[in-house]
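Colleague: Line order of the protein sequences matches chains L and S.
Heads up: the first sequence begins at 4 in the working numbering, then just goes up one per residue.
Heads up: the second sequence begins at 8 in the working numbering, then just goes up one per residue.
Hints should not be assumed to be uniformly reliable.
[Unchecked claim] Under the rule of at most 20 Å between Cα atoms (straight-line distance), these lysine to any residue pairs were calculated in the SDA-like manner:
| no. | chain 1 | residue 1 | chain 2 | residue 2 |
| --- | --- | --- | --- | --- |
| 1 | L | Lys106 | S | Ile449 |
| 2 | L | Lys86 | L | Arg114 |
| 3 | L | Lys106 | S | Gln365 |
| 4 | L | Lys63 | S | Gly447 |
| 5 | L | Lys63 | S | Gln365 |
| 6 | L | Lys106 | L | Glu126 |
| 7 | L | Lys158 | L | Glu126 |
| 8 | L | Lys106 | L | Gly134 |
| 9 | L | Lys158 | L | Arg88 |
| 10 | L | Lys106 | S | Phe453 |
| 11 | L | Lys106 | S | Leu452 |
[Unchecked claim] From the structure, some residues in chain L lie toward chain S, with a derived Cβ separation under 7 Å:
| no. | residue |
| --- | --- |
| 12 | Asp85 |
| 13 | Met91 |
| 14 | Phe93 |
| 15 | Tyr110 |
| 16 | Gly111 |
I should point out that these hints are in silico values taken from the structure, not numbers from a laboratory.
Predicted, not measured: the structure shown is a model, and the values here were computed from it.
Ideal Cβ placement from N, Cα and C applies to all residues, glycine included.
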Amino acid sequence: MNSATDQLAIRARDLTKSYEDAVALDGFSLDVWVGSVVTLLGPSGCGKTTALRVIAGFEKAAGVVEIRGRRVLDADTFVPPDKRRVGMVFQDYALFPHMSVRKNIAYGLPRGENRRRVDEVMELVGLGRLGSRMPGELSGGQQQRVALARALAPKPDVILLDEPFSNLDAALRDRVRRELKVILTEARTTAVFVTHDQEEALATSDIVAVMRDGRVLQADTPAHLYTNPVNEWVATFLGDADVLESDAVGGFVDTVLGRFATDLSGPVAVMTRPEDVQISVGETPNAAVADIEYFGHDQLITLAMAGGVRVRSRIGSRPNYRVGQQCRARAIDARVFARSA
Amino acid sequence: MTVAAPPAREGARQQRALSRGWWTAAILVLIPVAIPPISLLWQVLSRGSGVMLPADRLFELFLNTLLLTAAVTITALAIGTATAWITTRTTIRFRRGWMILAALPLVIPSYVAALTIIGATGPGGMFARVLGVQIPTPYGFVGAWLALAIFLAPMAHLIVTPGLQLIDPATEEAAVGLGSSRLKAFFTVTVPQLRPALVSAGLMVGLYTLSDFGAVSLLRFDTFTRAIFTLYQGQIDRRPAGTLSAILMAFAIVILIAERRTRGRAQYHKTRPQKERQQTDLSKGQRRLATGFLATIVTLSLVIPVGVLTYWLTRGLSAGQTILSIWPEIGRSLTVALVAATFAAAISIPVAMVTARQSSRLSGWAESAVWGTYALPNITVGVAVVGFALAWARPLYQTVYLLIAAYVVMFLAQSMSSTQDSIRRFNPYLEEASRGLGHGQISTLFRVTIPLIAPGLLAGAALVFIGVIKELPATLLLRPNEFETLAVRIWSATGEGFLTRASLSGIALIAVSIVPLFLVMTRELSD
Numbered sequence: 004m005n006s007a008t009d010q011l012a013i014r015a016r017d018l019t020k021s022y023e024d025a026v027a028l029d030g031f032s033l034d035v036w037v038g039s040v041v042t043l044l045g046p047s048g049c050g051k052t053t054a055l056r057v058i059a060g061f062e063k064a065a066g067v068v069e070i071r072g073r074r075v076l077d078a079d080t081f082v083p084p085d086k087r088r089v090g091m092v093f094q095d096y097a098l099f100p101h102m103s104v105r106k107n108i109a110y111g112l113p114r115g116e117n118r119r120r121v122d123e124v125m126e127l128v129g130l131g132r133l134g135s136r137m138p139g140e141l142s143g144g145q146q147q148r149v150a151l152a153r154a155l156a157p158k159p160d161v162i163l164l165d166e167p168f169s170n171l172d173a174a175l176r177d178r179v180r181r182e183l184k185v186i187l188t189e190a191r192t193t194a195v196f197v198t199h200d201q202e203e204a205l206a207t208s209d210i211v212a213v214m215r216d217g218r219v220l221q222a223d224t225p226a227h228l229y230t231n232p233v234n235e236w237v238a239t240f241l242g243d244a245d246v247l248e249s250d251a252v253g254g255f256v257d258t259v260l261g262r263f264a265t266d267l268s269g270p271v272a273v274m275t276r277p278e279d280v281q282i283s284v285g286e287t288p289n290a291a292v293a294d295i296e297y298f299g300h301d302q303l304i305t306l307a308m309a310g311g312v313r314v315r316s317r318i319g320s321r322p323n324y325r326v327g328q329q330c331r332a333r334a335i336d337a338r339v340f341a342r343s344a
Numbered sequence: 008m009t010v011a012a013p014p015a016r017e018g019a020r021q022q023r024a025l026s027r028g029w030w031t032a033a034i035l036v037l038i039p040v041a042i043p044p045i046s047l048l049w050q051v052l053s054r055g056s057g058v059m060l061p062a063d064r065l066f067e068l069f070l071n072t073l074l075l076t077a078a079v080t081i082t083a084l085a086i087g088t089a090t091a092w093i094t095t096r097t098t099i100r101f102r103r104g105w106m107i108l109a110a111l112p113l114v115i116p117s118y119v120a121a122l123t124i125i126g127a128t129g130p131g132g133m134f135a136r137v138l139g140v141q142i143p144t145p146y147g148f149v150g151a152w153l154a155l156a157i158f159l160a161p162m163a164h165l166i167v168t169p170g171l172q173l174i175d176p177a178t179e180e181a182a183v184g185l186g187s188s189r190l191k192a193f194f195t196v197t198v199p200q201l202r203p204a205l206v207s208a209g210l211m212v213g214l215y216t217l218s219d220f221g222a223v224s225l226l227r228f229d230t231f232t233r234a235i236f237t238l239y240q241g242q243i244d245r246r247p248a249g250t251l252s253a254i255l256m257a258f259a260i261v262i263l264i265a266e267r268r269t270r271g272r273a274q275y276h277k278t279r280p281q282k283e284r285q286q287t288d289l290s291k292g293q294r295r296l297a298t299g300f301l302a303t304i305v306t307l308s309l310v311i312p313v314g315v316l317t318y319w320l321t322r323g324l325s326a327g328q329t330i331l332s333i334w335p336e337i338g339r340s341l342t343v344a345l346v347a348a349t350f351a352a353a354i355s356i357p358v359a360m361v362t363a364r365q366s367s368r369l370s371g372w373a374e375s376a377v378w379g380t381y382a383l384p385n386i387t388v389g390v391a392v393v394g395f396a397l398a399w400a401r402p403l404y405q406t407v408y409l410l411i412a413a414y415v416v417m418f419l420a421q422s423m424s425s426t427q428d429s430i431r432r433f434n435p436y437l438e439e440a441s442r443g444l445g446h447g448q449i450s451t452l453f454r455v456t457i458p459l460i461a462p463g464l465l466a467g468a469a470l471v472f473i474g475v476i477k478e479l480p481a482t483l484l485l486r487p488n489e490f491e492t493l494a495v496r497i498w499s500a501t502g503e504g505f506l507t508r509a510s511l512s513g514i515a516l517i518a519v520s521i522v523p524l525f526l527v528m529t530r531e532l533s534d
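Construct the complete structure from the given sequences, taking the supplied hints into account.
Modeller: Now the structure itself:
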């Protein structure tokens, strides 16, 4: 067995950096395991791009960064970006406009022995015979593949992708995203994405790290993150959620949607996902249907409950309710967070 | 799905990415740039003013300089704006051709313009000999004004044209649609939008006039530059020349500050994407009028000068002179211009890098220093550099090295702005991409940055080349003994056979400037 650090492609600890007007990173820490695909997810301005650029070496910060166990940044160390063995795919690709596709891809390879490797990665990303084209003659999707091929060619220890799909239109984006996942898996590359698109993050990654105000709030598998968010902010940021305020007493908290067990006591926030809220008729009603959004494969029903509380329930295409109908709502699952009184 | 917005603080982030190496290089470049003004001030402050000219004489010089600068600026702006408007906005035939022809006289330096006026007029002039019409040579104000206005109008044309291309003609049409006349629409709608371009054209023409030495000295109009040269040459005590230079420098700085003030209030319009540009449809009569105007200007500024030069040249050749006689001058002019242009382009890179990529107070100062030295009248730079060399760098005095260094410092602003332009056009992520792919700073510079800014470097070098080829007063002061360039040759050819020899050099000078000028024009006037 290798020691734990050998298995880490990236180990970042307490990265801190501020600009004149704002804090960009505030104690950012992250572990990326070899071979995994990790996404930094957060709202604009949360510091995710800065984190990526610090890892790549384009910016300096306080803290520690290790890549494959090698210290590349701490108080006394700064390994420049060209010596970090990190591949970067930029948001607007940054293809060299004065070089052909082949020359772009070969740029990071030692001179002479690069022919085979260029063919290899071009094959891998499916660029076919576009090698002699200039970047300006390619479509957005093709340019993205060239950028990826160029980053993969020198076999970097890790590849960083800054909003790689943001310049593609919605239709192309889904396809390219799936392809990229296959390519990264085939190349057995460790990858870190940056995005502010939740769907993209959940669908593409092994691990999603949710960021806010310059730090990672939670890093977990998409499923665990969705079902076990660490706090209310993460819960509402990732997917639909309704929050009920209540007080926990003696290991339980009572809400309009039922009673839930908790270790907490005092003021709490109870978060439910719409798909965990079930509706039935015939029992003593506690809610009225306020709105129905019908999508075909499912429907989102907004319920008006006692005390002016509104809760959403996602159910299948049937049964069909009507607005104003009385019903009973209960949540089969919920997360309880402490609430500052 | 949400569409990505670019990170908000992109600018701030890229500013920080600039390495210390660029700044070190930029500061090394800026030190010599600051030498002329500092040296001049130091000369005056530490050694005193020397025996100054009498007050009434000073006042006369001041008035003459002011009058000439104002008259030339207004005239050249009017002509240049007219030619620019006609060649960008109307439906005249050969619009593009006229656009280039109107800019072409830029290769004719003021003293060649003066030379052609002298060669055409007077009892022995071309008009008298060929047409039998004798026009008295307009020595003094009128001659200097004509020579400078006609030959600086192309400069205004070249600056105003891109400005006009950025303005949506629909605004003028809207005004006409609202009932104002074409002329009123032009002055109330287009001119205000054009103000930034007009102000910078005015600045360039004004500074050039202030700095002109060749035309005023050949046409015998007493301005500061002519007086400085006379003082410099005629006296052993060089302090009065220094003092007068300092006054002239102050004059230039006042103009520079005035321009800054105006610019601060003017609205600068950003490029907006242009759809199909609408040309103003002129009636047949208007078209004739417009074409006639262009033809007159081109005749005055191009056809007659070249005609006069050719006339004197053929006379000279038939009298037994050969082109070989100025071969050494051509060689010297080309050498110094090429070396200075190459140097200026190379050292413009770090200065342009720190000024185009960063907007800090320090980069603001750096840019002002380069433009400030560019704005100094050449003769003051000459006096300043001579003073500096005599005091601190004796072995360099009257060497070609010092001459070239002075050229580079004088014209650096032109290559800097051209390089800045191309740096602003390219994505700084390209350099990071290169670093990320394992290339160091130096390798990135040569494989990514320089290839991408090469067009800007070349255009800047071309501008410096033209400037150096035409430069006269600083060359006169700084050249080694016996080091005659084409410009010196034209200026110093007096007495018997003056026009013949000067014409030969004049034509050679124009010929070697044509190629770089085309390089610049295709970039500036691209439609």
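Colleague: Confirm or reject each hint.
Modeller: Against the structure, the hints:
Annotation: proposed proximity of Lys106/L to Ile449/S holds, straight-line Cα distance about 19 Å (limit 20 Å). Between Lys86/L and Arg114/L the alpha-carbon distance is near 17 Å, which keeps this suggested pair within the 20 Å criterion. Taking the CA atoms of Lys106/L and Gln365/S, the gap is about 30 Å. The hint is violated against a cut of 20 Å. Only pairs whose Cα atoms come within 20 Å are accepted, and Lys63/L paired with Gly447/S is accepted, the gap being roughly 17 Å.
This hinted pair checks out: Lys63/L and Gln365/S have alpha carbons roughly 18 Å apart, not beyond 20 Å. With a C-alpha separation of about 15 Å, the suggested pair Lys106/L and Glu126/L falls inside the 20 Å cut-off, and the hint holds. Simply put, Lys158/L and Glu126/L have alpha-carbon atoms about 15 Å apart, close enough for the 20 Å limit, and the pair holds. Among the hinted pairs, Lys106/L with Gly134/L is consistent with the structure: their alpha-carbon atoms are about 8 Å apart, no more than 20 Å.
Using a Cα cut-off of 20 Å, the hinted pair Lys158/L and Arg88/L holds, with the two alpha carbons roughly 8 Å apart. At roughly 15 Å between alpha-carbon atoms, Lys106/L and Phe453/S fall within 20 Å of each other, so this suggested pair holds. A distance of roughly 17 Å separates the Cα atoms of Lys106/L and Leu452/S; the hinted pair therefore holds under the 20 Å criterion. Given the 7 Å rule on beta carbons, the hint for Asp85/L holds: about 5 Å separates it from the nearest Cβ of chain S.
The closest approach between the C-beta of Met91/L and any C-beta of chain S is roughly 4 Å, which is under the 7 Å cut-off, so the hint is satisfied. For Phe93/L, the interface hint holds, the least distance from its beta-carbon to any beta-carbon of chain S being 5 Å, beneath 7 Å. With 7 Å as the threshold, the beta carbon of Tyr110/L comes within range of chain S, its nearest partner Cβ sitting at about 5 Å, so the hint holds. With a least beta-carbon distance of about 3 Å to chain S, the hint placing Gly111/L at the interface is held under the 7 Å criterion.
Hint compliance for this structure: hint 3 is the single one not met.
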